[in-house]
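Here the protein sequences come in this chain order: H and E.
With the working numbering, the residue at position 250 of the first sequence is 250, and numbering never jumps.
Every position in the second sequence, counted from 1, becomes a number in the working numbering once 1000 is added.
Since the hints were derived computationally from the structure, they do not count as laboratory data.
Quick caveat, the model's predicted, so the values are computed rather than measured.
Virtual Cβ for every residue (Gly too), placed ideally from N, Cα, C.
You can trust all of the hints, since none of them are fake.
With a Cα cut of at most 30 Å, we get these calculated BS3-like pairs of lysine-lysine:
| no. | chain 1 | residue 1 | chain 2 | residue 2 |
| --- | --- | --- | --- | --- |
| 1 | H | K371 | E | K1042 |
| 2 | E | K1032 | H | K21 |
| 3 | E | K1042 | H | K400 |
| 4 | E | K1049 | H | K400 |
| 5 | E | K1032 | H | K321 |
| 6 | H | K237 | H | K83 |
| 7 | H | K400 | E | K1054 |
| 8 | H | K371 | E | K1038 |
| 9 | H | K321 | E | K1049 |
| 10 | E | K1049 | H | K371 |
| 11 | E | K1032 | H | K316 |
| 12 | H | K398 | E | K1054 |
| 13 | H | K398 | E | K1032 |
| 14 | E | K1110 | E | K1042 |
| 15 | H | K187 | H | K327 |
Over the 12 Å line for every Cβ pair with chain E, so calculated as not near, a few chain H residues:
| no. | residue |
| --- | --- |
| 16 | L146 |
| 17 | V191 |
| 18 | P245 |
| 19 | T262 |
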Amino acid sequence: MLDIKKIREDFPILKREVNGKPLVYLDNAATSQTPQQVIDAIVDYYQNYNANIHRGVHTLSQEATDKYEQSRIKIQKHFNAAKSYEIIFTSGTTHSINLVANGFSSLIKKGDEVIVSAMEHHSNIVPWQMLCERTGAVLKVIPMNLDGELLMDVYEDLLSDNTKLVFCNHISNALGTINPIEEIIEKAHKVGAAVLIDGAQAAPHLVADVQALDVDFYTCSAHKICGPTGEGMLYGKEEWLNKLPPYQGGGEMIAEVTFEKTTYADLPHKFEAGTPNICGGIAFGAALDYMNAVGFEEIAKYEHELLEYATQELLKIDGLKIYGTAKNKTSVISFNIEGVHPYDMGSILDKLGIAVRTGHHCAQPIMDFFKIPGTVRASFAFYNTREEVDVLIAGVLKAKSMLL
Amino acid sequence: MEIKEIQEEIIDEFSMFDDWMQRYEYMIELGKSLPLIKEEFKTDDNIIKGCQSKVWVHAELEENKLVFTADSDAIITKGIIAILIRAFSEQKPQDILNADTQFIDEIGLKEHLSPTRANGLVSMIKQLKLYAVAYQTQIEE
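Looking at chain H on its own, in the form it has when it is part of the complex (with noise of 0.2 Å):
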């Protein structure tokens, strides 16, 4: 069982007050909180270490890059990748899409079809129509119910031999809805296609596998599982890394430069030209020994409590309803009480020390789909507790009274 107190003692953040109130931080969703350990780690490169990594030969820059090294092969060893260069550092999600969907350019050509869920947000969606703007290849979208929960019967029959890619989100950021992404994969495969699971709001809920799940391409991002912004991966399978071209050119991804010629670095550097942001890298592997410290079974057991206890108290708010009743959903609650305004309802939780997201998430087509402007999400990490939702419920309470 978690220690819940132990753990907050764990994030100096959540000492501090917000107007007046103790912070209630129910955004994780957005961003988690770090814990003393990982800005430990930071503050330990910036003092001790900070040099570039790769190329230099005096010792600074040595450490520098056996530390990064070291983060890349845990993060290998956290999702099971089979080889340490199947992971390339990136500055997060949004940038691991954009390098996949710029290297299928190459691979795409006119009338080939892509597939999309009906529950991505705007990094998920954005990067493959421009995609398909570049080849004239066509997306399609596989839509869902009024649960949050993909229709699959349908996406069966939009696959075909035309489809070429299928992406995804393992957990949707405005609904909760964890998808089935092994049934996704496995269809996908049948039909040839590669298959990106977008893995930015799984992860601090969960491990995934990727060779259990045979995934083509699997994306995180550092900040939502305790690490530092600016930082993420992907995770790609060799031979897909290989057939892919570079994405951005300069710095650590060339193998040899003249005027007439450039070959480029193996992988991973391939895909990271530039000085990468390292503290992040070497964060990032802080922040997974951390949470792997606390343990991803207990943290899901917890959180899934959280849950449950959330949704009971929060359904008894006459007029309070939830979007994304997933059967099988995460530790997110999208709602919106009837006539109020999410932003409304958000600014006065903000003035009583609630952290809440207000509005359409990034995922607009979401909204579109239940005709709402946005709705007011909190989102649960391990280190909330029960008295927490006890506080949002009294702050949903007090602001709907002012409200209406």
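Model the placement of chain E on the given structure of chain H, informed by the hints.
Just chain E now, kept in the frame of chain H:
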């Protein structure tokens, strides 16, 4: 009443409240009492850009004075536009153009709004002034 006097009245009203929850409650009340814009004027042309929630503002000239009506789908935003309309509606366009908006800072509105809402507030003021420019030009012609 002149714009300056109305603004001072608003400052006085807000100074009566001890904390920001009370000020929010007051803004919400102002929002609820805002005379609604006619449905026909709730068009895309009348939406103020820069607001996260929808805000419609319509202006028309009556006896050389500008009359503003507005609405929003969010009640706090409605309260904000209600305050602005109270300060600037039924005034001559030239007076609106000459008026400063210092009172917004004095009631502490901007600093107690989220940055997105504060941007919306700036956009609302800008739009009211733009209407004043347009109608002043019309009067001069």
